[in-house]
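Q: These protein sequence lines map, in sequence, to chains B and D.
Under our numbering, the final residue of the first sequence carries the number 115; numbering is consecutive throughout.
Under our numbering, the final residue of the second sequence carries the number 112; numbering is consecutive throughout.
Take the hints with a grain of salt, since some may be wrong.
[Claimed, not checked] 30 Å max Cα-Cα, derived DSSO-like pairs, lysine-lysine: (1) K36(B) / K42(D); (2) K19(B) / K1(D); (3) K68(D) / K22(B); (4) K18(B) / K52(B); (5) K68(D) / K19(B).
FYI, nobody ran anything at the bench for these hints, they're computed from the structure.
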Amino acid sequence: ETGVTQTPRHLVMGMTNKKSLKCEQHLGHNAMYWYKQSAKKPLELMFVYNFKEQTENNSVPSRFSPECPNSSHLFLHLHTLQPEDSALYLCASSQEALAGTGELFFGEGSRLTVL
Amino acid sequence: KQEVTQIPAALSVPEGENLVLNCSFTDSAIYNLQWFRQDPGKGLTSLLLIQSSQREQTSGRLNASLDKSSGRSTLYIAASQPGDSATYLCAALAGGYQKVTFGTGTKLQVIP
């Protein structure tokens, strides 16, 4: 596979469920990102990992918990979400978070619906 | 705080027309500006990246320009096709790579 792959593409969960979103990049990049896209709003940065270290947490509620076991994989663990958390969650990667061209490459997204 | 604005929010044109999409940003101290395309329910596809030292980039029928002094970037699409119908987003990168600010996009419809 090439590029950035996200699974699952669609997820429906209740407010008490625990689920995880997975992202894998095959580009040899060292930085990975989670973004949230809600209707009628610009993309919101959630987390940044650079060489597996978290460098940015954009005031994200603790019910979202990221995990980056290596530079190719990024997870977003979800727990006791709210209906307003329903959105398209996008994973992206770049060469590095503080060097290179800064070009971002995105996955297809995971559409989350919280009932 | 960087703000990125895209006007118009929606645009409908007949096939074959040349068109320009606009992107404005408030902080001219940007590192780069990237244009993306997003199809409904899908992720973002990178179209063009302009570094701060560059004035324009071209890829096929697409040409993006950057004027940092005026805080503007434009995406020119030549000879538009129905397959160009999508939402086009611009994103300005300033400071660290986590400081990427996206516009809300222009939804383009090309009518056959």
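Q: Honestly, which of those hints from before does the structure not fit?
A: 2, 3, 5
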